[in-house]
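J.: Protein chains in written order, with the working numbering: chain L, 33 to 294; chain S, 4 to 141.
Please keep in mind that the hints were generated in silico from the structure rather than gathered at the bench. Treat each hint with caution, since some may be false.
To be verified - Computed Cβ-Cβ distance ranges for the label pairs, DEER-style: (1) Glu34(S) <-> Ile80(L): 33 to 41 Å; (2) Ser168(L) <-> Lys40(S): 49 to 57 Å; (3) Ala242(L) <-> Ala53(S): 17 to 25 Å; (4) Glu119(S) <-> Tyr89(L): 42 to 50 Å; (5) Ile279(L) <-> Lys55(S): 18 to 26 Å.
A virtual CB, placed ideally from N, CA and C, is assigned to each residue, including glycine.
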Amino acid sequence: MLINTVLLFLQSALPMFIIISLLLLRFTSASKSLFTYKNIFIISSLAIAFVFLLNQYMERISQLFDGKGTELIFSLGLILIYFCSAFLFLLNNENRFINVKKILALVIFLLVFSLNGSYFILYLTSYWTQSLPFESLFIGIILAVGICISFAILFYFLLQYSDAHIHIKTSCYFLLFFALGQLMQSIALLQQVDILPLNDSLWNSTNFIAENTELGQLLRVLLGYETTPSVMQLIIYLTAFIVPIFISKSQYFAWLAYGEKS
Amino acid sequence: MIKNHLKGCSVFLLINLLFLFSFIVEAKRTEYHLALKKHLFYPAKIIIPANKKVKLVIHNHDKSVEKFDSFDLNREKVIFPMQKSIIFIGPLSVGEYHFFGEYHPNNTRGKIVVVEIKSNQAISSNALNQKQGSLHVN
């Protein structure tokens, strides 16, 4: 149960820690006033409240829409994460639209936290009801938190270095890739309940990087990696990646958003 | 002006999403039933025809939550106690596809075996049921 707890916690918590690293990099030193103890406390409390609220109603949600409720609600949440992240990607001017960026970041954080956290709370509930040893659970969570924090810190400093020395928008692109990963998950959920069609997969890269390995799971969260993508998934992935980049490079958008002329 | 533009974009995207969902068409799918009792799947092996989308109905007879998970099928779904959940799988090519209960991965395991059913073989659905010993509703 120890290993299982570590794996399940990693699966739920890794996206949360990664998005914290990515969102922290979106705000410059000029807006560091966002990160006061009071704000952090309020945001954390909100996030925990959302997790427990979603967990409380998840059973009822699962029975909505002829048993498709969970997939529909979660996929809408994941799609919203993508659009908020795409807007945040577009508003990359450091000192403009700070309030809009704060709201987008808050929405993204709360959605990622609640959608992923609710699954882990379900596991905890199941664990308690079966009166399994508490020590395995406790140690498993501590180990998993340690792994997540270590990775998030390394990831943050790596992106910060890359922004400064390699390409100024590295962290922006990684935020977009993260959002693409969430979008891919929403497509999988909608295919699961027959709302979106499922076509034959284009390739199978299981022999290369299997999805059930640690690297596969990490790439799934970071980049939206799929071992057997369908045509629809590939088209949506490419479109969802190219369109924000095209818009951000468009002179019309620069003029619209920042009043900059070519 | 940028706020109005963003608002307009959001409304446009919402309309498109609603438009997308309005085209939901659920064809009749062959159903296969899977029972979860004492953290074991019954049957542990399900045989389905190749290249067809099927409906898998999972009944959780236990008093604890379980999460049906399959990397091979790219499916995961939480199944609440004493309730059933539905997922659609396929069309799949011939082969074996493993699934497991994520909360009890060592014990709660099973697989879906996809077989080619040629038109001249005329295997009836009842014969397929008897072969795998599961409930099957058309």
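J.: Hint by hint, note whether the structure agrees.
T.: Going down the list of hints, with the structure as the test:
1. Glu34(S) <-> Ile80(L): 33 to 41 Å: This hint holds: roughly 39 Å between Cβ atoms.
2. Ser168(L) <-> Lys40(S): 49 to 57 Å: Check failed, 24 Å falls outside 49 to 57 Å.
3. Ala242(L) <-> Ala53(S): 17 to 25 Å: Once the Cβ atoms are compared, 23 Å apart, the range 17 to 25 Å for Ala53(S) and Ala242(L) holds.
4. Glu119(S) <-> Tyr89(L): 42 to 50 Å: Given range 42 to 50 Å: holds, Cβ gap about 43 Å.
5. Ile279(L) <-> Lys55(S): 18 to 26 Å: violated (41 Å)
The structure shown violates the earlier hints numbered 2, 5.
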